[in-house]
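Residue numbers (my numbering), protein chains in the order written: chain Y, 1 to 146; chain V, 1 to 146; chain Z, 1 to 146.
Treat the hints with care, since some could be wrong.
Identical chains share a label here; the pair holds if one copy fits it or two copies do between them.
[Said to hold, decoys possible] Simulated pairs of lysine-lysine, PhoX-like, Cα-Cα distance not exceeding 20 Å:
1) 115 - 24
2) 115 - 7
3) 117 - 24
4) 65 - 115
5) 13 - 115
6) 88 - 2
7) 13 - 117
8) 7 - 117
9) 65 - 2
Calculated directly from the structure, the hints in this document are not laboratory data.
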Amino acid sequence: MKIYKQKFELSSKTQLEFLDITDKLQEIIDSSGVREGQVTVYSPHTTMGIIVNHNEPMLLQDFQKIFHRLVPVDNQYSHDLFELRRGKNADGRSNGQAHCQNILIGVSETIPIEKGKMLITERQSIFAVEFDGARKRDIVVQVIGM
Amino acid sequence: MKIYKQKFELSSKTQLEFLDITDKLQEIIDSSGVREGQVTVYSPHTTMGIIVNHNEPMLLQDFQKIFHRLVPVDNQYSHDLFELRRGKNADGRSNGQAHCQNILIGVSETIPIEKGKMLITERQSIFAVEFDGARKRDIVVQVIGM
Amino acid sequence: MKIYKQKFELSSKTQLEFLDITDKLQEIIDSSGVREGQVTVYSPHTTMGIIVNHNEPMLLQDFQKIFHRLVPVDNQYSHDLFELRRGKNADGRSNGQAHCQNILIGVSETIPIEKGKMLITERQSIFAVEFDGARKRDIVVQVIGM
């Protein structure tokens with residue numbers, strides 16, 4: 001049994017964005033040499049989470065709409081006052097909704113590995129979900145196995 | 001430390017269904033021989049997720065209502081147009097909502113094991129949640145420990 | 001590779017409460033002696049979940065409002081009838097909403113460990129989220145690594 005960790009950077013371009021990191025994860029698993037085990041993908045942020053689903057552009061629009069409908073950006077968030085008092089977001093930008101959207105999906109997912117490959121079916125992709133872009137971000141990937 | 005993986009099939013009978021897989025998971029842990037460790041339950045699908053909660057029939061109805069209210073099946077989903085163009089769901093069936101419901105719960109959960117048993121209290125059951133049934137599905141179970 | 005498990009108790013004071021367990025988790029990791037690995041935090045309950053986000057009091061109010069808006073305590077939950085028939089909650093107290101809120105966030109999160117510390121950035125805290133307090137609760141922490 002071994003454990004292997006690697007971080008990588010990624011950049012978002014818009015406020016709410018789905019960044020497909022599937023190929024990058026597989027690269028890291030290849031580097032780890034693990035053939036049987038599991039990979040944990042982790043976002044060390046409070047406004048970026050992890051989901052696994054289908055990378056289909058029209059579906060990603062549906063996901064955007066769901067997040068905006070469940071946690072509207074134009075509601076009032078007390079957190080925005082906190083940020084304003086700290087001198088942040090003086091342009092009226094809100095990021096209270098980004099934190100609230102994030103807790104609905106969480107910051108980690110774990111995926112089994114078989115024969116050196118993630119056990120994902122053809123329609124599954126792994127996404128880092130940006131809720132407060134555009135930004136530079138880090139993702140931490142940990143592989144455990146043999 | 002060892003790692004042990006097993007897959008099993010299950011079948012859903014309705015569109016949105018809670019399939020209690022607690023006993024099956026315990027069987028797999030028994031087969032693994034792991035006494036101290038953890039089990040990760042993983043759905044390799046984009047419209048089936050994993051939750052841990054109380055298997056009480058009236059509560060499961062409440063869960064159904066919550067998913068239908070937060071992500072209504074009769075909203076318009078762009079993804080349904082994508083599927084229609086591929087020649088799928090020509091009967092007007094929608095599955096955009098199933099993907100959106102799935103990302104709210106995720107595809108994996110991890111549960112500690114103590115003395116060969118999952119550390120679940122009497123009211124906890126583990127469910128594979130079908131959002132786009134009826135279908136045959138696979139679940140992947142991975143046990144790590146000693 | 002080793003595996004280390006520890007449970008601890010905590011008490012909530014109100015119905016919906018965010019209990020910051022970050023320092024306690026780090027203590028347990030210190031006790032484990034693991035320098036490189038990961039920690040899984042697990043709630044063995046059906047109305048307490050785990051999130052990772054910013055411990056900022058006004059943001060925690062926003063989280064409360066989101067849970068109350070998405071899953072209102074004053075909706076009707078079939079599960080409350082079940083509890084009433086069992087002789088529970090005869091005071092009209094509802095806990096159907098607590099179960100429904102819980103499945104939106106899940107019962108486990110996994111966080112990488114580097115040089116003996118959780119890989120959390122300055123704004124990240126780990127919370128046990130009480131949805132049906134006030135109560136005494138248990139949290140299970142499992143550390144895997146070297």
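Each hint, compared with the structure:
1. 115 - 24: within (17 Å within a copy, 24 Å between copies)
2. 115 - 7: So residue 115 and residue 7 pass the 20 Å test across copies only (15 Å; inside, 23 Å).
3. 117 - 24: Cα proximity of residue 117 and residue 24: one copy only (12 Å, versus 25 Å across).
4. 65 - 115: Neither. Shortest intra-copy (37 Å) and inter-copy (40 Å) distances fail the 20 Å Cα cut-off.
5. 13 - 115: Answer is neither: 35 Å inside a copy and 32 Å across each miss the 20 Å cutoff.
6. 88 - 2: neither (43 Å within a copy, 44 Å between copies)
7. 13 - 117: neither (29 Å within a copy, 31 Å between copies)
8. 7 - 117: both (19 Å within a copy, 15 Å between copies)
9. 65 - 2: Intra 41 Å, inter 43 Å, cutoff 20 Å: neither.
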